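In the working numbering, the protein residues as written are 380 to 418.
These are computed hints drawn from the structure, not numbers from a lab. Source: prediction; values computed, not measured. Don't take every hint at face value.
Computed beta-carbon distance windows for the label pairs [claimed, not checked]:
1. Ala412 - Ala385: 38 to 46 Å
2. Ser382 - Phe405: 45 to 53 Å
3. Ser382 - Tyr407: 31 to 39 Å
4. Ala412 - Ser387: 43 to 51 Å
5. Gly413 - Ala384: 38 to 46 Å
6. Phe416 - Ser383: 44 to 52 Å
7. His406 - Ser383: 30 to 38 Å
8. Phe416 - Glu395: 28 to 36 Å
9. Arg418 - Leu386: 45 to 53 Å
Note that the Cβ used here is the ideal one computed from N, Cα and C, for glycine as well.
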Amino acid sequence: MLSSAALSAAEKRDYEHCFAVVNNFFHYIVATAGFFFLR
380 MLSSAALSAA EKRDYEHCFA VVNNFFHYIV ATAGFFFLR
């Protein structure tokens, strides 16, 4: 069975991965919208 430290580390890694995906998606939307509006 995993220790609580290992479990929290895995949860933190998954959270950081999800945050990175959302952050990249957000920047993509902002860049695309800015490109269309500033043309």
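Structure-based check of all given hints:
{"no.": "1", "hint": "Ala412 - Ala385: 38 to 46 Å", "verdict": "41 Å, holds"}
{"no.": "2", "hint": "Ser382 - Phe405: 45 to 53 Å", "verdict": "34 Å, violated"}
{"no.": "3", "hint": "Ser382 - Tyr407: 31 to 39 Å", "verdict": "38 Å, holds"}
{"no.": "4", "hint": "Ala412 - Ser387: 43 to 51 Å", "verdict": "37 Å, violated"}
{"no.": "5", "hint": "Gly413 - Ala384: 38 to 46 Å", "verdict": "43 Å, holds"}
{"no.": "6", "hint": "Phe416 - Ser383: 44 to 52 Å", "verdict": "48 Å, holds"}
{"no.": "7", "hint": "His406 - Ser383: 30 to 38 Å", "verdict": "34 Å, holds"}
{"no.": "8", "hint": "Phe416 - Glu395: 28 to 36 Å", "verdict": "31 Å, holds"}
{"no.": "9", "hint": "Arg418 - Leu386: 45 to 53 Å", "verdict": "49 Å, holds"}
Going through the hint list in order, the structure does not satisfy hints 2, 4.
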